[in-house]
Structure formats: structure tokens, C-alpha cells
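Undergrad: Can you make the complete structure from the sequences, with help from the hints?
In case you want the letters, here they are:
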Amino acid sequence: MQIAKIIGSLVATQKDEGLRDHKLLVCQVHNHENKPKDQYVIAVDAVGAGPGDLVLYATGSSARQTNLTKDRPCDAVVMAVVDSWDQDGSNVYEKWSE
Amino acid sequence: MQIAKIIGSLVATQKDEGLRDHKLLVCQVHNHENKPKDQYVIAVDAVGAGPGDLVLYATGSSARQTNLTKDRPCDAVVMAVVDSWDQDGSNVYEKWSE
Amino acid sequence: MQIAKIIGSLVATQKDEGLRDHKLLVCQVHNHENKPKDQYVIAVDAVGAGPGDLVLYATGSSARQTNLTKDRPCDAVVMAVVDSWDQDGSNVYEKWSE
Amino acid sequence: MQIAKIIGSLVATQKDEGLRDHKLLVCQVHNHENKPKDQYVIAVDAVGAGPGDLVLYATGSSARQTNLTKDRPCDAVVMAVVDSWDQDGSNVYEKWSE
Amino acid sequence: MQIAKIIGSLVATQKDEGLRDHKLLVCQVHNHENKPKDQYVIAVDAVGAGPGDLVLYATGSSARQTNLTKDRPCDAVVMAVVDSWDQDGSNVYEKWSE
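For the record, the sequence lines run as chains A, B, C, D and E.
Under my numbering, think of the first position of the first sequence as 1, with each following residue one higher.
Under my numbering, think of the first position of the second sequence as 1, with each following residue one higher.
Under my numbering, think of the first position of the third sequence as 1, with each following residue one higher.
Under my numbering, think of the first position of the fourth sequence as 1, with each following residue one higher.
Under my numbering, think of the first position of the fifth sequence as 1, with each following residue one higher.
Among the clues, some could well be false.
[Said to hold, decoys possible] The calculated lysine-lysine pairs, modelled on DSS-like cross-linking and capped at a C-alpha distance of 25 Å, are:
(1) LYS35/A to LYS5/A
(2) LYS70/B to LYS70/C
(3) LYS5/A to LYS5/B
FYI, nobody ran anything at the bench for these hints, they're computed from the structure.
The structure displayed is predicted, hence computed values, not measured ones.
TA: The structure is reproduced here in C-alpha cells:
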């Protein structure tokens with residue numbers, strides 16, 4: 001999985017029937033110092049994530065292992081909202097202190 | 001998924017029988033500011049996308065989760081046409097205002 | 001899928017029994033202007049492609065969706081020979097005009 | 001598989017039900033000279049790895065081939081702790097000599 | 001598949017039970033001119049490859065299509081030892097002439 005921040009969303013009406021009603025999130029990938037990278041992914045939301053949330057997303061066939069995305073043409077899913085992130089003995093991110 | 005623009009198409013008669021009648025689109029990948037990247041993918045069209053359309057494509061085994069691509073030797077599928085794209089509180093793209 | 005040119009072949013006698021009799025092609029990846037990139041892939045031939053052909057190859061589990069590669073330890077397959085390639089309203093490549 | 005060092009961990013309460021109770025490790029990828037790269041992955045721990053351990057992780061559908069990760073939305077798993085690493089006739093890493 | 005040279009091996013006792021008795025090889029990836037790249041992969045040996053051998057490896061779910069790696073948390077497998085490699089009409093590599 002990679003860490004990303006939700007920075008936007010997409011609307012698409014002309015789409016494969018397997019993706020009706022799925023929320024499509026624009027996720028900017030973060031590096032291991034929690035800085036934004038010049039990389040993004042469009043992922044289906046499986047956990048009710050919102051704008052500004054720091055999240056984890058899974059890709060490939062693993063992105064289809066949630067109830068919402070099973071057998072869908074979806075190769076990326078937001079499957080967790082990060083609460084806290086500790087690294088090298090210090091705190092990189094704490095959701096509730098933002 | 002990634003965002004791309006349809007910039008062309010390919011014709012191939014000598015191909016695996018699993019891909020008869022599939023439309024092969026040349027898709028130029030766009031970055032998160034909707035600028036073209038020096039990267040492309042050839043994807044099967046599953047939604048009737050046309051030249052100039054901004055689309056979403058899925059890769060890997062997820063590209064085989066549409067009726068059209070199930071069990072086919074296809075690793076990329078256009079599965080949505082983007083209508084609108086909002087980011088950081090502003091509108092990056094609106095199909096009908098183009 | 002990506003576009004590539006067949007530039008060579010490999011012979012391997014000490015190999016997994018799932019790959020007996022498969023032709024192994026050296027494919028140089030091309031960019032979206034039909035220029036060779038500094039990138040290659042070794043792919044199993046599923047369509048009778050030959051040296052100099054411009055082809056499409058599929059990767060990952062999708063590379064196992066041909067009769068020849070089903071259940072084989074093969075992560076790339078040549079599944080089409082390109083006849084013509086149109087882009088931005090002009091012709092990038094035409095097999096029979098070469 | 002790639003080699004990585006465990007440098008941190010994440011906590012997420014709002015997550016897909018398939019990932020309850022899984023330990024999420026921040027793994028910094030190492031190159032073939034055992035130097036840290038500017039690349040990381042968040043992986044589920046399947047072997048009881050701890051901070052500072054040099055480990056192997058597997059990605060994609062292969063990350064779901066452990067008892068702990070089967071059918072879960074998980075695309076990376078730590079599946080081995082490295083004891084020793086020999087290369088070009090010399091020892092690159094020995095766990096117990098650290 | 002990609003071409004690589006076997007440059008080392010790893011030992012890991014604390015690992016997922018699916019990988020008991022598997023030989024873990026350090027493979028340095030080669031480019032299409034048979035020069036080493038700054039890239040490696042740790043792969044399970046399925047063909048009895050040894051140090052210095054030029055090999056092919058497959059990744060992803062295709063790495064689990066050998067008897068040895070079926071259903072294992074393994075995302076890379078050495079599935080062939082290269083005997084000879086011809087390109088653009090000349091010989092790039094010949095095992096027995098080394």
C-alpha cells in the first residue's frame with residue numbers, strides 16, 4: 001500500500017456498469033516523509049474518506065478485495081484512513097492534532 | 001486508475017482470437033493538473049469513448065472485469081469518460097464547457 | 001498494452017516445464033511517437049510475430065489469457081501485430097508502406 | 001520480492017473490515033548494496049517482524065498468499081526476515097553480527 | 001519477463017510457512033544490451049540456476065505458475081536459464097562461449 005492525501009473527486013456518467021454509485025477520489029501520493037509526490041491515483045472509496053484525509057490505498061487485484069469493489073473494473077481502492085504514523089521513534093502524523 | 005486523453009487508435013488483424021472486434025485506443029496519460037505526460041497506454045474501449053475524450057483506464061487483472069474484456073489478453077481498459085473533475089476546491093475539467 | 005518492436009529472440013533449454021516450445025521474443029518498447037525507448041521486455045509469441053514487426057504486448061495475469069500461455073509462468077505475451085496506427089488525425093505507422 | 005527495512009508503523013481505525021487486527025509496517029526499500037532508497041511501501045506483517053529488521057516483502061496478488069492476508073485488500077506483505085545475504089562471494093548483511 | 005544475472009542469495013529462517021525450502025536468489029536486472037542496471041529482484045529459483053547464470057524471471061501472479069511456487073507468497077520466479085540471445089542479426093550472449 002501507499003500513503004496518499006485526498007485532494008479531489010471525479011464524476012463520470014458514461015462508465016462501465018460495474019462502477020455505478022462508486023465514489024472516485026483523486027489521491028495525491030505522499031512520500032515516506034509525508035510530503036506530496038508528483039504522482040496521483042484515482043481510487044474507489046471503500047471507507048468513507050473525505051477531502052484532506054490521509055489514507056492508504058491498495059492497487060491491482062487487491063483493490064477488488066472489498067465488498068464494494070469485488071469483480072469491478074477497479075485497480076485502486078482507498079481501504080483505510082490513517083490515524084497516526086510513527087517512524088524512527090517519532091510521530092510523523094497524528095490525525096486529531098491537525 | 002489513471003486519467004488519460006484519447007489521442008488515436010490502432011488496427012491489428014493478426015491478433016489473438018480473444019481480441020476480435022475490440023477497439024484499441026491510444027491513450028496519453030495526464031498528470032494531476034490535467035497536463036499530458038510523456039506516457040501512453042493502449043487500452044480496449046469498454047464505454048464508447050472517442051477521440052479527445054478525457055477518460056479513466058484501469059490496468060492489470062482489473063482491466064478484465066468488464067463484459068467486453070473478461071478472460072481476454074487485455075491489460076488496460078477504458079472504463080469511464082470523465083464529466084467533471086474537482087480538486088482543492090476548484091474545477092480542473094468540465095466536459096461540457098470545452 | 002504497450003507498443004514494441006521485435007528486435008531479437010532467446011533460447012533457453014533449462015526452463016520450467018510450463019514453457020516448453022514457447023518462442024521467446026526480445027521486444028523493444030516504443031513511445032507514443034513510435035520512437036524506441038531504453039526499455040525492453042521478453043515476451044512469449046502468441047501470434048506468429050517476426051523480427052522487425054511492430055506489435056502489442058500485454059503483461060501480468062493478462063499475459064496468460066491466450067491458449068498458448070494459460071497457466072504458464074509467463075508475464076508478457078505478444079498478442080497482436082500492428083497494421084496501422086493513427087493519431088491526432090495523421091498516420092503514425094502503416095505496416096504495408098514500410 | 002524486494003529487500004526493505006522496517007522503519008515505522010501506522011494505525012488506522014476507519015478501515016475495510018478485511019484488515020481488522022493487521023499490523024501495518026512502514027518499510028523503506030533498500031537497493032542491492034543494502035542502502036536505503038527514496039522509496040517505501042506499507043505492508044502487512046505476516047512474520048512478526050519488528051523495527052529495524054531487514055525483511056523481504058511481496059506485492060500484488062502474491063501478497064494475499066499468506067493465511068493472514070488471504071482475500072484481504074492488501075497489496076504488500078512482509079513474508080520473511082533476512083538472516084544473511086551473500087553477494088559476489090562476500091557477505092552484505094548478517095543479522096546476528098549487527 | 002526480464003533478463004537478469006544471479007549475483008547472490010539470501011537466507012531467512014523466520015518466514016511464511018509457504019516458503020519453506022525455497023532458494024532465494026538475488027538477481028541483478030540487465031538491459032537490452034546485456035549491461036547490468038541499477039535494479040534487482042529477489043526471486044525464487046524454479047530451475048536450478050546458479051551464481052553467474054543469465055536468467056529470465058517472471059513477476060506478479062505469473063511467478064506462482066510453477067509447481068514450486070503455486071499458492072506461495074512469491075512475486076518473482078527464475079523460470080529459465082538463457083542459453084543464447086540473438087538481436088538485430090548478431091549474437092549478444094552465448095552461454096557456452098563464456
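Undergrad: Now look at each hint and say whether the structure bears it out.
TA: Evaluated hints:
With a CA separation close to 10 Å, the supplied pair LYS35/A and LYS5/A stays within the 25 Å bound. Taking the CA atoms of LYS70/B and LYS70/C, the gap is near 14 Å; set against the 25 Å cutoff, the hint holds. The straight-line distance between the Cα atoms of LYS5/A and LYS5/B is roughly 24 Å, inside the 25 Å bound, and the hint therefore holds.
The structure agrees with every numbered hint stated previously.
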